[in-house]
Amino acid sequence: MKPITPSAHGYLDYVTVAVFLLAPKLLGLEGLPALLSWTLAGVHLALTLVTDFPLGWRPWLPFWIHGWIERIVGPALLLVAFLPKFSDGGSAFGFYLLMGLVIIAVGWLTDYSGGTKEALRPSL
Numbered sequence: 001m002k003p004i005t006p007s008a009h010g011y012l013d014y015v016t017v018a019v020f021l022l023a024p025k026l027l028g029l030e031g032l033p034a035l036l037s038w039t040l041a042g043v044h045l046a047l048t049l050v051t052d053f054p055l056g057w058r059p060w061l062p063f064w065i066h067g068w069i070e071r072i073v074g075p076a077l078l079l080v081a082f083l084p085k086f087s088d089g090g091s092a093f094g095f096y097l098l099m100g101l102v103i104i105a106v107g108w109l110t111d112y113s114g115g116t117k118e119a120l121r122p123s124l
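Under full-length UniProt numbering, the first residue of the sequence shown is numbered 1, with each subsequent residue one higher.
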């Protein structure tokens with residue numbers, strides 16, 4: 001049994017959006033690291049809003065697909081941390097490494113079998 005429910009995952013997703021949105025200001029990220037953080041905030045918000053789980057707004061995307069997207073994003077952020085603009089000794093390296101690890105951990109601990117009730121059904 002995985003301890004993170006679909007509802008809890010939804011709250012964590014919205015916290016993740018806030019972290020990506022605020023990180024450039026709080027950590028002094030500039031240039032590409034800041035732009036990527038703001039972009040990830042927008043993409044993660046959009047993904048969360050269209051996911052079919054309790055905190056989604058428009059249930060279009062099945063929760064299990066949401067999970068697979070995060071299974072790709074987490075490791076990708078680990079790789080991003082080692083890119084030249086990110087690994088130059090600034091806070092970008094630590095931020096992207098930590099966020100990648102957090103997203104991977106949340107993915108491992110989330111029960112993606114729950115939450116999907118309406119996704120991909122036509123609206124009436």
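Just so you know, not all the hints are guaranteed correct.
Quick list of in silico lysine to aspartate or glutamate cross-link-like pairs, DMTMM-like style, CA-CA up to 25 Å [claimed, not checked]: (1) Lys2 <-> Asp111; (2) Lys85 <-> Glu30; (3) Lys25 <-> Asp88.
Keep in mind that the hints were calculated from the coordinates and are not lab data.
All of these numbers come straight from a predicted model, not from anything done at the bench.
Status of each hint after checking the structure:
1. Lys2 <-> Asp111: Given that 25 Å is the threshold and the Cα spacing comes to 5 Å, the pair holds.
2. Lys85 <-> Glu30: 10 Å, holds
3. Lys25 <-> Asp88: 18 Å, holds
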